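Undergrad: Under numbering that gives the first Met the number 0, the first residue of the sequence shown is numbered 0, with each subsequent residue one higher.
It cannot be assumed that every hint is accurate.
[What the hints assert, rightly or not] Restricting the straight-line Cα-Cα distance to at most 20 Å, the calculated cross-link-like pairs of lysine to aspartate or glutamate (EDC-like) are: (1) 113 with 33; (2) 201 with 173; (3) 101 with 136; (4) 113 with 57; (5) 166 with 204; (6) 113 with 204; (7) 201 with 117; (8) 2 with 30; (9) 2 with 19; (10) 178 with 204.
[What the hints assert, rightly or not] Pair ranges (Cβ atoms, derived): (11) 103 with 166: 30 to 38 Å; (12) 15 with 204: 25 to 33 Å; (13) 104 with 166: 15 to 23 Å; (14) 12 with 168: 45 to 53 Å; (15) 70 with 221: 30 to 38 Å; (16) 43 with 207: 26 to 34 Å; (17) 167 with 126: 18 to 26 Å.
In case anyone wonders, no lab produced these hints; they're calculated from the structure.
Here the structure is a predicted model, which means the values were calculated and not measured.
By construction, the Cβ of each residue, glycine as well, lies at the ideal position given by its N, Cα and C atoms.
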Amino acid sequence: MSKRILIVEDHQILREITREYLTDEGYEVLEASDGHQAMALFQEHEVHLVILDIMLPELDGWSVCRRIRKVSNAPILMLTARSDEEDTLLGFELGADDYVIKPCSPPILLARAKRLLENRKTPGQGDRLSGGGITIELLSRTVLAGGEHCSLTHTEFEILAYLMKNKGIILTREQLITKIWGYDFDGDDRTLSSHIRNLRSKLGEHAKHIVTVVRSGYKFEEQP
């Protein structure tokens, strides 16, 4: 089954250009020109990725992101016309996985979308990671911390899984950024810091197992 992508963009020409690039790559595309239409489509269809503009009529991108995160951990790629750091951090706090600053070239947007979808491919049945009271079921992409369900975004899940797959090994910021966002990432390490902060907040007392190594990066320690 082809992956289904929801484009939420009120600028018709940009939406059509993006749709053409995605359909040429074999993706099924849904289109919404405002936030309310986006939520209706999201609730009606199984969506594997949302490309979401911030500035939308009636219901803005922040609100759409917040509502989607209440019911789904589908990857969200935010589009913003501003490079304002506060806008970017707010998007991550609400659950966005990545962002692209407009105007952007369609091939770059396509590459970022592909990266999020490829990271989401599920491994073989029964694959599991555990340590420090945290259990990750890779097939269902569920996380338990102290036996309690922990709802993570796509990117938070990928960061935690990568750290746990490399227990005790220091992973540099560059390694993490490349693994999660790819070589073409045009942000900075504040993006990673924001996701790590959100991840720790959700893990509660189990966050102590994600250890910051000064001037190096991060590692997962079962007994820090």
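Undergrad: It remains to establish, for every hint, whether it holds in the given structure.
TA: Hint-by-hint comparison with the structure:
1. 113 with 33: 24 Å, violated
2. 201 with 173: 24 Å, violated
3. 101 with 136: Given pair residue 101, residue 136 is violated - Cα atoms ~36 Å apart, limit 20 Å.
4. 113 with 57: 29 Å, violated
5. 166 with 204: Holds, at about 18 Å.
6. 113 with 204: Violated, at about 34 Å.
7. 201 with 117: 24 Å, violated
8. 2 with 30: Distance of about 14 Å is within 20 Å: holds.
9. 2 with 19: 15 Å, holds
10. 178 with 204: 26 Å, violated
11. 103 with 166: 30 to 38 Å: 37 Å, holds
12. 15 with 204: 25 to 33 Å: About 49 Å separates the Cβ atoms of residue 15 and residue 204, which means 25 to 33 Å is violated.
13. 104 with 166: 15 to 23 Å: Check failed, 39 Å falls outside 15 to 23 Å.
14. 12 with 168: 45 to 53 Å: 47 Å, holds
15. 70 with 221: 30 to 38 Å: Once the Cβ atoms are compared, 32 Å apart, the range 30 to 38 Å for residue 221 and residue 70 holds.
16. 43 with 207: 26 to 34 Å: Violated: the Cβ-Cβ distance is about 42 Å, outside 26 to 34 Å.
17. 167 with 126: 18 to 26 Å: Taking Cβ atoms as reference, residue 167 and residue 126 lie about 20 Å apart, which means the hint holds.
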